[in-house]
Structure formats: C-alpha cells, structure tokens
Amino acid sequence: MPPGEIKNTKVACVECDLLVDVPPLEVRQRSLCPRCGHVLSYGNLERARHALPYGICAAVMLPLSLLFPFMSFARSGIENEVNLVQTAWTLYLDGSVFLSGLIFSFIITLPACVVAAILLISFALNLNRNLPLLRPAARFIFSVSNWSMVEVFIIGVLVSLVKIAHMASVELGLSLWTYLAFAIFTVAALAKLDKLVVWQQMEKLAT
Amino acid sequence: MIAVESAAASGLTSCHTCYQLVSTQSHRCPRCHSSVHARISNSVQRTMALVATAALLYIPAMTLPIMRTVSLGTPMDSTVVGGVVVLWHMGSYPIAAIIFVASVFVPVGKLIALTVLCWFVTYGKGVTPQQQTVLYRITELVGKWSMIDVFVVSILVALIKLGDVLSFYPGVAALTFACVVIITMVAAELFDPRLIWDKAAQHE
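Here the protein sequences line up with chains E and W, keeping their order.
To convert, note that position 83 of the first sequence is 83 in this note's numbering; the numbers rise steadily by one, no gaps.
Residues are numbered in this note's numbering as their position in the second sequence, beginning at 1, plus a constant of 207.
It is possible that some hints are incorrect.
Here are some, though not all, of the chain E residues that point toward chain W, as calculated from beta-carbon distances under 8 Å [as the list claims (entries may be wrong)]:
id: 1; residue: L25
id: 2; residue: V82
id: 3; residue: T87
Honestly, the hints are just simulated from the structure, not real lab data.
Ideal placement from N, C-alpha and C gives every residue a C-beta, glycine not left out.
Next comes chain E alone, as it looks inside the complex:
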C-alpha cells in the first residue's frame, strides 16, 4: 500500500455478522462494531511489533518458574516443598490421572505453547520475514489462548494461602513471583497482537 492512501478492510463482525469497513488505525485506536460494540480490531502493525519484548520476558520467566520451589509448608518439624510441576504431578501419584493431565496442560503446556507462538509471530513481524509454522501458530493463539489458565491458577494460590495460613507456617517460593511475572507478560504480549493486523501482515509476508 503506497503511503497516504487510505484503504479500509471489509470485515463481518464475528458477534453480530454486520458488514463493517475497518479503517487503518493508530497505535492506541480501537475499532468497534457499530451495532453490537464488539472490538473488531485494535492498534496497528507498530503496536503488534511491541509484543516481542513481552514475549521474550515471558519466555524467560516460564523456565525459571519450573526450576525453583513454588511454596513450602512446615508443621511439627516436618517440611514439604513443592514446585510448579509437582502441583499437577502429585494428583497423578494420588490416582487422579486425568485431572493431573488437565491441570498440567492448563497451567504449563498450553501457556508454554502460547508463548512459543507469540515469539514466532512477533519475530516474524519484527524481522519482516516469513517464518515456518506461522500460520498454525497464529491459528493456535487466536483460538486456544482462552484456555490458558495461568491467572486463574495464581488466584488459586492466594486462596490456598488463606486456607492453610492458620494451620502452619507457609512460605512462598521464588517460582511464585516468576510465574506471576510470566502471567503478566503473556497477557501484555497477547494484548498487542490484534487478529486482523497479524493476519494481514502475515499474508503480505507470505507473498
């Protein structure tokens, strides 16, 4: 597109099926459906490129969260320390195999895949290059990221703390903080990647 030329994109609102012309947006602008108010698009390519630093930070935080203890609990001289993986693994040892798998995928596998996809897409956008697996990565992000439950898990941690604080001494480990940072960076990165902008740019890169 030559500079200065205004080119609208025709889309159908996914919530009410209204045909809408979406104009090119500024970094902080949003485009809403005039009938139902659904957010059709936000920001532009510049904004989408800002996902990279957040994606990198998230990618650093996740392995750290797996390395260090998450919480520890001590009573009557016996202490027990757990890491993030053990919160799902113990359920497996206790016989809840299926539940253990679900929790493992909600708090570790899916979020890890989401971050990998964010990195791939934001590298492609910043380098202006077509990279392999871009299309599956973008499909994954825009359909599956709702199933990543990192933030719900963190609230769960706070609730557990209150539940057992009176029973014995509970200490928070380093991993809890890196996992919290991981959650924040992931949300920040996803908020930069607009569906419409990403797919339009990827289409250009592919040709």
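Fit chain W to the known structure of chain E by using the hints.
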C-alpha cells in the same frame, strides 16, 4: 437504527480465526485454512446438550467430597460448600465469597444464562439484542474462573503431604467439577451470538 445488512445475507461469512471474508459456499478459509460456517451448525442444540451434561455433572461435583484431609490419622471429607462454610467461620469472608462466587454462583449462572440465550434465539422477544449480547459476553468472560477451586485442591494436595500428621488427598468431585467448567466453556464457545441478531432482524 440504521438499516443494516448482515454478512450472511450478502452471501459472505467471516472466518472466526482471521476475520477474512469468505463466501458462504466455501468450507475452508483461504488465508488461515480454518473451517468456516455461516453460522455454527446446530448451535442451539449442541449448546443445550452440553448445558444439560454440565448440569448433571454439577450434582456430584457439589455433593461428593472435593478433598480428603487426613489429620493425625483421622480422615475427613470436605465438599465445595463445606469449604466455603469453614472459611466463613474462620473469618476469611472475602476468600469465602470468592470461592462461593467462583464455584456456585458462576457455574449455575452460566448454565442459566446459556439456557436463557438459547431460549431467546429460538422463541423469544422482548429482550433487546444488546442486552442478550451483554449476557453472552459475561458468560464467555467468566468461564474459566470457576477453575479456582480445582486449582486450590491441586495446590493443597501437593503442598500438604506430611504423612499421618497432616495430608490432603483429591476427591472425586475435583474431577467432576473440572469437567463441569470445561463443558460449560465449550458450550459457550458453541453458542453462536450471531443468532441473537438474526432473530432480532426477523422481528423487524
């Protein structure tokens, strides 16, 4: 209100994954290769089937124990509501409220909301499409937060393993509750909000 035309009426449909406009005749989006439908097929029936499944599973999720506590060799089972009551008596009112909202209010509210939405897009009138859309968005937004209690169980079970002194074990309800949450999330995804506006357009 301005006269508007839906994409379907123009023989077009939007790809849910990438917003590409494609003809209603095609089944696959040319840009991202996702499957596309003008409307989610049998949206109301499939949503209601999952709502019924979740409602049935919600009964054991509430009545069976979600966690077993073994303290000095004595086992004690606790249910979701039992946990809320204990927290309330401990004086942790905000946490008791969070658990109650996440485990009772949200799942039940979601089942009712989806049923109401399905009823409206099939028979209803009187409620504006804007109001229905707000209901739909809340339903979609709060879905995964019901998982809090299941995560609490997984954390406590892993953390509190001090042999016979004090140990926590998962209960059956943890799994059924997780299933209720997952099934209601899928039900909300299968509900097609465009039906709300199709119905409104019929009445005009």
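Hint check:
1. L25: 14 Å, violated
2. V82: Nearest chain W Cβ about 5 Å off; hint holds.
3. T87: Status holds, d = 4 Å.
This entry does not satisfy hint 1, going by the numbered hints stated previously; all others are met.
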